[in-house]
Amino acid sequence: MNTMPRLLLLALLLLPLSTGCGPTPPASFRLNMVEAIAPSAEKDSISAEQALTPAQETQVATILEAMFGTPDKPYCLPEAGLDQAKLELAAGPVRSDIVGRKNGLYREHCVHCHGITGDGMGPTAAFLNPYPRDYRPGVFKFKSTERSSKPTHADLYRVLHEGLAGSSMPSFALLSPAQIDALVEYVKYLSIRGETELALMRYYFELDEEDEGKLPESREFLVEEILEPIADKWASAEDQEIEVPEMPEDIDMAASIAKGRELFHGDKANCVKCHGVTALGDGQANDYDDWSKNIYKIEEKLKALADSEPDSGERQWIAEFERVLAGDALTPRTIPPRNLRQGIYRGGRRPLDLYYRIHAGINGAPMPAAKGTVDPEDIWHIVNYIRSLPYGFDGELGADRAVAAQPGPAGRLVATQED
Amino acid sequence: MTLNPRPSFIAAGLLAVLAVGCGPARVSGPLPDAAAAAALRTSLASGESAGAVAEESATGTGWGGLSGRFVFVGTPGERAVLVADKDTEVCSKDGMKLYDNSLRVDPGSNGLADVVIFVRKARRVKNPIPAEQVVFDQKNCEFLSPVFAARVGQAVDVRNSDPIGHNTNISGSSFNQLIPAGDSTIYTPARETNMPVSVTCNIHPWMKAYAVFREDGYVAVSAADGSFTIPDLPAGEPLEFQVWHARSLGPNGGLGLDKPDLKWSSKGRFEVTLEPDQVTDLGTLEVPAAALGG
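So the sequence lines, in the order shown, correspond to chains P and Z.
The opening position of the first sequence corresponds to residue 1 in our numbering, with each subsequent residue numbered one higher.
The opening position of the second sequence corresponds to residue 1 in our numbering, with each subsequent residue numbered one higher.
So here's chain Z without its partners, still in its complex pose:
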């Protein structure tokens, strides 16, 4: 017997195809402005520059410092327990638990740790690249510094104090290196990060930290009590700072605060002009729980 499908079935099938159309629509952005593109190409190829901005030169003299203290306003809540299901004989030895370290609040003073603050663009730099190394260690299957900073060109000693092997993978840097048990390796950041980047271990996926590398080294990470100090900054000229926290809901992790006197923006930026030979204290900087996702 030969198959003889009724034409109405075929018609229904064809109709179905028509109704479905050409698959899920890809989302297209706007088209380029062809005339503007042609004009821009001519100007780029001619080597002439339209509207070049002259490099801003330093206007101030002397050096000053900046300090302050971040304080968490609200209840930090219980830290989540991480699922450590690899190398359990080390990572959950004797019932040890690992916790989410992305929000560390000092129980006594409510100081907020791990806030990063750095200068967006310094026109002058006082100190040479420090010779001492930044130590970035891991023990008991967690990174001992949830956030660390280094200057571009400064050596970072990536250590492993565990009896098991780890790998350290710094996002965006192509650094992903095996660190055997009890061993260490040196990483020298070659490029500045605009914002902190994540550091992970692929063998133990719950491990997470952040790193920030700055060309001028004008960067601080707030301590356990929330305090920070950046010394030897250029004084007498406006300096713009960027503030960041891992849990911030602001764009790119920028931490916006309600500080109209400093014109603190929602991107987490503010501007100050420092006095020479003294440390300008911003005092207590209150970070509401809502800014960090409750």
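Bound-form chain P, shown alone:
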């Protein structure tokens, strides 16, 4: 047989591959479909009645476009406290402007992981561990501020500039400071937009009968009641920085590490419960971060509902929900406590970074705050102990392995050695 027809056939098959799946539609933000079908802060009390109607979904999409524009044409009300010029530098398709300056930075550098909407579900997201951050709940882990506060501009700048060690987040140190600034502003924009979307979707439940399932579109409601409380938290982040006392310069490091070790294993700081007696991160390891926990709770609830003889309306809701989860949610993953023997710390390896993590815990993750419980001086001792961990075991591994901690005199935990 002649090879010509075969080659023709091949070319014919290659043609649709090269053109892809049809023309590219204009970039648009995605609605938070998981929230639209279960708009509730507590995902274990969701029910079919809550799901937004198509008309309500359209209303949310319309309000969001009015308040925030589109991925190609971002917009912000003055109350959002964002810099429109920076947003325009970061948004839109990758292009050069009239003076040859690169525009569309978010789509060049961020979108393939964090997604066009900042939902942490870009095309590569499912293949990464940890998953890329979903900005929409407005929760960020690595910051210099108190647990419930937003990160400062400098905190986010640092994450972009340094990257996050041990994750897929690379360093963007090769970008100019102005470009990183623009991207930080755009991350804030996507976050404020996402938080607004959550607040709007959850507000439908709060409506009265006479509202007929439609959110008010007044300035009082959309700007003063919904947007301003969100934007104010971002604007006040700089005032919420954690006050860190200097570590004493003449500190006896060996004594400090020994004290830190005692605190690590003690029942006050209790680090040992999750990070394990060996600090390998092998203590309580079957918990989830807030993003995964939401999806996990939904899956559990849907399973329970499916087992409880649902009526046809509920069955339809469950089926629709499963379709949304398959397309619009990442499979929940447990979050292992950090293995402190590796010396890799996502939020930075400066002693100060470790101090922040212990003081405020990690927002969005199970790591609790030691603030108020553990004195600042003791936090420094724990920091010093943690920093010593990657450089060898302090004692015999076998001795450390005795997990069973017994309540000793005065309620203190005493690690007992196994035979």
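These aren't lab readings, by the way, just hints derived from the structure by calculation.
Owing to the predicted nature of the structure, the values given are computational and were not obtained by experimental measurement.
No residue lacks a Cβ here, since even glycine has one placed at the ideal position from N, Cα and C.
Any given hint might turn out to be false.
As the list claims (entries may be wrong) - Keeping only pairs whose Cα atoms sit at most 27 Å apart, straight-line, the calculated DSSO-like set for lysine-lysine is:
no., chain 1, residue 1, chain 2, residue 2
1, P, K214, Z, K263
2, P, K371, Z, K86
3, P, K293, Z, K86
4, Z, K121, P, K214
5, Z, K267, P, K214
As the list claims (entries may be wrong) - Which stretches of chain P does chain Z cover? Using the computed rule of at least three CB atoms under 8 Å from a CB of chain Z, they are:
no., stretch
6, 45-52
7, 274-287
8, 354-367
Claimed, not checked - Looking from chain P toward chain Z, a few residues come up when the C-beta cut is under 10 Å (computed):
no., residue
9, S28
10, F29
11, P39
12, A41
13, A61
14, G69
15, T70
16, R202
17, D208
18, D267
19, D290
20, V374
Fit chain Z to the supplied structure of chain P, relying on the hints for placement.
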């Protein structure tokens, strides 16, 4: 020897790719209404308000109370035993078992505990924020109050009466604090919760409770016998209440009851106008087992 795959294999491979298409479809919501969005943007940016609703002012005078008793109709069934596999020398000491506390029914009176009832929007508030603290304690690796309420600005004394450390994580509040053995810490809620939020301990994942914080403090949690009383409510004007239970199948945990006289909705809301200087008693409020998932 060089590899020379037959073109038919390549063709089959390409066909397979075509058949699979572009991966699992993401689910898209409806597109925004561009014209409406443009009009709305203009109105929001101009500072003028379309269809602003005037703040409803108080119409009544005086103060009254509301009381009632929730009763479970049906058989509550055996409580599930929780898997307590951490700190077993405390959490399952001497063979002690921990039970799922999300449905507590009084065996004698069938009273339903842990039902939350609160005013959705009060136009008047009588009392200042109480000085006394709400105590929220944990012992034997369980929260002693499965559901607790506090007023925004009122101090909550989060205690740990166990000989082991816990952490207390209040969902949505960013409060997640270590509570060492025998220690306590003060949490002052700064924001109202629309519905109760979950309280957990990450060290002992089976531990679970709920908290509700209200700006006006008009909130009650039904006692072990199912009874509740909210005093000093604004009288003489319609008041809308929201009712919630952890096991309710209603939206957001709202507890819908068959009470047409109170226009009790499936969202778990009803409306009453209270008489001044007296406690209006709603009597026995029957909660069918089916409303709480059997």
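**Asked** Hint check: is the beta carbon of V374/P less than 10 Å from a beta carbon of chain Z?
**Response** 7 Å, holds
**Message:** Hint D290/P vs chain Z: min CB-CB distance below 10 Å?
**Reply:** 8 Å, holds
**Cut-off 10 Å, beta-carbon criterion: hint that D208/P touches chain Z** = The hint holds - D208/P has a Cβ within 10 Å of chain Z, the shortest such distance being about 8 Å.
**Prompt:** Holds or violated: is there a CB of chain Z closer than 10 Å to the CB of T70/P?
**Reply:** With a minimum Cβ separation of about 9 Å from chain Z (threshold 10 Å), the hint on T70/P holds.
**Request:** Compare the distance between the alpha carbons of K121/Z and K214/P with 27 Å, and conclude whether the hinted pair is satisfied.
**Result:** Holds: K121/Z and K214/P sit about 19 Å apart, inside 27 Å.
**Item:** Given hint K86/Z paired with K371/P - CA-CA distance at most 27 Å
**Value:** Since the Cα atoms of K371/P and K86/Z sit roughly 24 Å apart, the hinted pair holds (cutoff 27 Å).
**Message:** Check whether the Cα positions of K267/Z and K214/P lie no farther apart than 27 Å.
**Reply:** With Cα atoms ~16 Å apart, K267/Z and K214/P stay inside 27 Å; holds.
**Prompt:** If you look at each residue in the stretch 274-287 of chain P, do at least three have a Cβ nearer than 8 Å to any Cβ of chain Z?
**Reply:** holds (count 4)
**Prompt:** Are there three or more residues in the stretch 45-52 of chain P whose C-beta lies within less than 8 Å of some C-beta in chain Z?
**Reply:** holds (count 5)
**Prompt:** Taking 10 Å as the limit, does the beta-carbon of D267/P come near enough to a beta-carbon in chain Z?
**Reply:** 5 Å, holds
**Prompt:** Against chain Z, with CB atoms and a cut of 10 Å, does the hint on P39/P hold up?
**Reply:** Constraint on P39/P satisfied, holds at 9 Å.
**Prompt:** Taking the least C-beta to C-beta distance, is A61/P closer than 10 Å to chain Z?
**Reply:** 4 Å, holds
Hint violations for this structure: none, all hints satisfied.
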